[in-house]
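Q: Add chain H to chain F, keeping to what the hints say.
Letter by letter, the chains look like this.
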Amino acid sequence: AQTVTQSQPEMSVQEAETVTLSCTYDTSENNYYLFWYKQPPSRQMILVIRQEAYKQQNATENRFSVNFQKAAKSFSLKISDSQLGDTAMYFCAFMKLVHSGNTPLVFGKGTRLSVIA
Amino acid sequence: KAGVTQTPRYLIKTRGQQVTLSCSPISGHRSVSWYQQTPGQGLQFLFEYFSETQRNKGNFPGRFSGRQFSNSRSEMNVSTLELGDSALYLCASRGGLSTDTQYFGPGTRLTVL
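Top line first, the protein sequences correspond to chains F and H. Residue numbering for the first sequence is 1 to 117, as defined by the numbering used here. Residue numbering for the second sequence is 118 to 230, as defined by the numbering used here.
You may find that some hints are simply not true.
[To be verified] Covered stretches of chain H, going by a simulated chain F footprint (3 or more residues, C-beta under 8 Å):
#	stretch
1	160-173
2	221-227
[Stated by the list, open to error] In silico lysine to any residue, SDA-like type, Cα no more than 20 Å apart, as pairs:
#	chain 1	residue 1	chain 2	residue 2
3	H	LYS174	F	LEU97
4	F	LYS96	F	LEU47
5	F	LYS96	H	GLN171
6	F	LYS55	H	LYS174
[As the list claims (entries may be wrong)] Computed footprint of chain H on chain F, listed as stretches where at least three residues anywhere in the stretch have a Cβ under 8 Å from a Cβ of chain H:
#	stretch
7	44-51
8	70-80
9	85-99
10	105-115
No lab work stands behind these hints, which were simulated from the structure alone. No experiment lies behind these values; they were computed from the predicted model shown. From the three backbone atoms N, C-alpha and C, an ideal C-beta is built for every residue, glycine too.
Chain F extracted, bound-state conformation (with noise of 0.2 Å):
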C-alpha cells in the first residue's frame, strides 16, 4: 500500500517570502501521479499542482512549484512571493496508474500554512 507522508504540521511564513513544503511518499510502483491540494478555511478543497512521475521535468503554476525527485520519493511544494490567500491546510496527495482506471487519492496528513502580515 502507498504511503504519504508531511513531516511539517505546521509552518508560517512572512508575506512576500517563499516557503517550502515537505512530502515524501512510499511506492514500488513506477506509473503515479502526485497533488498539492489546498484546502482553505473555507473547506473547500482546491487544486494546487500536479505532477506526472513519468516526467523529469519539475511542475510549475505562477508562484507556485514543485521539486519532484522520484528516486528519493519526494515531492515538495515551493511558494514564492507568498500571499495572505495562500493560508490554508496543504495537502500532497498520491494516485496509482493502472490500464482499467485511475485509483483513488492516497492523503498526507497536511501542513498547515500561515502567511503572516
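A: Coordinates of chain H only, in the frame set by chain F:
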C-alpha cells in the same frame, strides 16, 4: 463550467439515524469519488462510482453505501449513525479531458449527536 456541488452543506443527526448526502459532478464528468475527512484519521477514501458502477471501495463498514445515477449524480448513505461518523464528507469528480485529476466539492459537514 459549474464546479462540483454537494448538498446539504451541514447536517446534524443523532445516533442510530441514517443520512443521505448528494453530489453533482462537473458537467461531463462520469466518475465520482467520496472521501471522509476527520481530524484524527485525515482524508480517507470511501468509494468511487463510474457510469453507475462502483469501481473502487475503501475500507469502511457496510453501513456506508453509495450509488450513482444515469446523470452521474451520486449519493452516499450512512445507516445506523455512530458518533465517530461525524466528519466532513467530500465528493470529487473527474472526467472529460483530464481523467487523472479529481476536483472537489465544498463538502458536507455531518455532526452526529
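Q: Does the alpha-carbon distance linking LYS96/F and GLN171/H stay inside the 20 Å limit?
A: holds, 18 Å
Q: With a Cβ-Cβ cutoff of 8 Å, does the stretch 70-80 of chain F contain at least three residues near chain H?
A: Per the Cβ count (0), the hint is violated.
Q: Tell me whether the statement that chain F covers the stretch 221-227 of chain H is true, taking a Cβ distance below 8 Å and needing three residues at minimum.
A: It holds, with 5 qualifying residues against the three required.
Q: Would the hint linking LYS55/F and LYS174/H be met if the CA-CA limit is 20 Å?
A: violated, 29 Å
Q: Go check the stretch 160-173 of chain H versus chain F for me, would you? Three or more residues, Cβ under 8 Å, otherwise it fails.
A: holds (count 6)
Q: Is LYS96/F close enough to LEU47/F, meaning Cα to Cα at most 20 Å?
A: Satisfied, since the Cα-Cα distance of roughly 17 Å is no more than 20 Å.
Q: Given that the stretch 44-51 of chain F was listed as covered by chain H, double-check it with a C-beta distance under 8 Å for 3 or more residues.
A: holds (count 5)
Q: Would you check chain H against the stretch 85-99 of chain F, counting CB to CB pairs closer than 8 Å, and say if three or more residues qualify?
A: holds (count 3)
Q: Could you grab the alpha-carbon distance between LYS174/H and LEU97/F and see if it respects the 20 Å cut-off?
A: holds, 16 Å
Q: At a Cβ distance under 8 Å, does chain H reach at least three residues of the stretch 105-115 of chain F?
A: This one holds; 6 residues, not fewer than the three required, reach chain H with a Cβ under 8 Å.
Of the hints listed earlier, those the structure fails to meet are numbers 6, 8, in rising order.
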